[in-house]
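A.B. asks: Got chain A; can you put chain B on it based on the hints?
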Amino acid sequence: MKLITCTIATLMCHFAHASVETDIQNYLKIAEQKQLHQDVTWQRLMYADQSQKSEVAYDGYFYAKDGKNNLKNELQADIKALFINSADNQSIRCKFPARSRWLIQQLNIDTEKLLIVKCPEFDQWINQIKPYKATLIYATDFMGNPSSMFGHTLLRLDPKDQKQLNLVSYAVNYAATVSGEDNWSYAWKGLTGQYPGEYSLMPYYRKVKEYGDFESRDLWEYELNLTPEETRFLVEHIWEMQHVSFPYYFVSDNCAYRLLGLIDLVRPNLDLKKQFNYAAIPIETLKAVDQQHLVKEVVYRPALETQLLSQAKQHGTPLAKVAHQIAFQDVEKAQLLLEKFNRHDQAKILEMAYDDLYLQYISRQVDADFAQPQLRQLLAERSQIDVEKQRQEPERPKKQPVEGHHARNLSVNVGELQGQKFIELGHRQAYHDLIDPQGGYRLGTQLLFLDGNIQYRDDQLKLEHLDLLTVNSYNPIQPFKSPITWGFNLGWKQEALDQGNFSDDQQHGVMNLNMQVGYSLADYDRRHLCYAQMQSHIQGGRSLDKGWRVGVGPTVGCMNIWTDTINSVVQIELPYWEDQSQWNLRVGSQFQYSLNSNNALRLNWNFEQQDHKDWSKVGLGYVWFF
Amino acid sequence: MLKKIALAALLAAGSSVAMADNDVGCGAGTQIWAGQKGIAPKILAATTNGIFTNQLLGITFGTLGCRQGGTVTAQVVTFTNENAESLARDMAVGQGESLNVLAELMQIKATDKARFFAVSKENFAEIYSSKNKNTLQVLDSLQSVMAKDAVLKAYV
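Chains A and B, in that order, are what the protein sequence lines are.
Using numbering that gives the first Met the number 0, the first residue of the first sequence is number 0, and each one after it goes up by one.
Using numbering that gives the first Met the number 0, the first residue of the second sequence is number 0, and each one after it goes up by one.
Honestly, the hints are just simulated from the structure, not real lab data.
Incorrect hints may have been included.
What the hints assert, rightly or not - Under 10 Å between C-beta atoms, here's a sample of chain A residues computed to sit facing chain B:
#  : residue
1  : Arg-205
2  : Val-207
3  : Glu-350
4  : Tyr-353
5  : Tyr-357
6  : Asp-366
7  : Asp-368
8  : Phe-369
9  : Gln-371
10 : Leu-378
11 : Ser-382
To be verified - Stretch-level coverage of chain B by chain A, calculated; a stretch enters the list once three of its residues show a Cβ under 8 Å from a Cβ in chain A:
#  : segment
12 : 78 to 88
13 : 92 to 105
14 : 119 to 125
Note that the Cβ used here is the ideal one computed from N, Cα and C, for glycine as well.
For reference, chain B alone in the conformation it holds in the complex:
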């Protein structure tokens, strides 16, 4: 059993190496972020894709082939990245459509939403601190804020 899993992992690793930078689709995004390695540039590359290209197939968010842990899926990253201004605008007042979408994408239960909104408002300065230069850092701060909360830590 253990062997099987190990094999699967190996296969997966092998394929991602083989596919190199091609696993984020096509178009300008890949070019812009070329040369950067790791999960972050991959996801960001995939999200910048499509802004410049007219593609019918380039909609594979959620199936980028690279996964983060917990509730922060690739779709959460993409959404946060592309809606940063409206999301921050909502977070600073503790309500709004974009913030609600984020909560839904992070699978936060209806009963915990009010708390999520309040906590993200209270800690806005930390989440959108000037230190945080990109979306993954913002989400990282959001998660660490949530981890400190008795209820929201369940979603981290």
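Just chain A, same shape as in the assembly:
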């Protein structure tokens, strides 16, 4: 009897095994017929380009020995792996849930035919996230760090019907993992892909705190219209990327670029990533997403500093100044000061004082031993006042970031220079100039990368200027602090020079480095911003006496937004050139009329005076952003 059961069992076993073998062969045939290894989703899951080679360096990503370089073999190995009995968490369906799901769907595999697998680790993970919809988050630019000057994007995964709980949703961030304390090498390594780029997952509130509180960057939340299935597929794929990293390039293969890849993966008919072959500026990638009608809803989440300045605007500068005093005053003195105000004003003052002190504390301007008890004290006093919240939400900017102008431009400018007609053609790679249409951008920052033009005049064609990099951060004085306004410019330009002297008919090219530091003032909306700075110029060129020269002097200027379509920038510089021992007056002014976000007309006038000689240029130009 025993023997019979044994034999039957063996036979059945053999039988079952044989039938699995036939199934596998069958599915491999279907895969071949459908040419699945050529399918765009398969290629994207494998991070392969046309050469059919994967860019994933991690061996554990592949089941076939030559999987990295042979997508077809990998596909076949994965199909076979679906039928292998594995320990908990070890099945391909646990380790590569997106890939497995896609194969099962494409091959129409009856899941009942597959062995039961248990993936407690993956299940626990995804049940924490409960992905239902995805929101693309844009953190506006931040001049404090070279890697974030162009802004940053990340993805938030929200569960169903939990809008009020967005803060505890999870956020997926793709970023460079920087180890140790790289300082000067940081920018270089970042530009040349020497840091590994990796995905990480964290509660969204951590990002809100980091960007909104610590870095004073407003957040814009673009809810995507991915279906719950697409969102889940995307999250399943993120799980597959646990051990995978790619070289991170600040400019091209960055956060924004990889997030586009995730969207492409779940929408095979899209090819967003392809539009950004050599540079992926986060805001430009958002515009591409918006153009594909992927955005459902836009939410503005102002930074804490934006909120504080908005309170100062609502309640008035005098109250804001009292708040700043109270923030640093001990209890008794503060009480004496507060008594003079009515309850509503007391509430306003205490609310502003808290935000002020907290911002100073996190920017390390104040000692923790003083700040922490003081912060609680301010709130305790506020809680005793029986008046509802006095903070009003800051007004949402009229234009949100995707409605701003594009980063690149082409321009043409015609006019007269020292009595001669000229025409100039210009081009800029990125990103935002003080004179550009301001809607959608942070007001008071300027960041230009590869900006130049050529000039045709007097039957001659020459390079008029080429800026490699210009950075300006205008930080207006507030009731709460007096931050520094700073900037620099590195490039090549024509100077009115001849044999070391100022000239009114000759120009020669020089390498130029300008650095400025000073203060600026503005209204709360920053529609009118003026600055005063000290500026140093260092120039080098063959036309200079010693081959180089230095100039130092004051510079003042204003940028004004007169209406939604008209703005202007005026700047006066007065360097003293050590080589000529002369002051050099320079006036530059530009007026702009914007036809829309991406087209504008410009009137420009430049004037120089030195050594009783003049140099002037006037022009009318047209700029197209694309």
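C.D. replies: Relative to the frame of chain A, chain B by itself:
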């Protein structure tokens, strides 16, 4: 039946001893709080995790393996700990996004929220008293304030 439960408890206790300090994940958090025993350091260790490390798996709040009683789950502790400044800011005025999240995490019904907001504002000085040095003490005070309220005591 009783035996079974006792066994389960024993097993659970055994495993937590065996796992020692490793049950809060990996990374800097564990190091910072090493040497401290009990629930509080464990949860705090787990919350400081992830700030310093870039981890895809380190998101296990709510399943830390150590539970407090009532509505104060590990997620409530984590959230309160990491959002202390904005939560206190909201509480002092009796409204705001963070305070609302806390209410939701504590499963306070929509109809009782206004009361929760008002009570936490009125008793702010007690909840965020200078005596309370860490998140668990803050939550403890919040709970004792709630316990004194006719409606909110249901959530303690």
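A.B. asks: Output the indices of the hints that this structure fails to meet, ascending.
C.D. replies: 6, 7, 8
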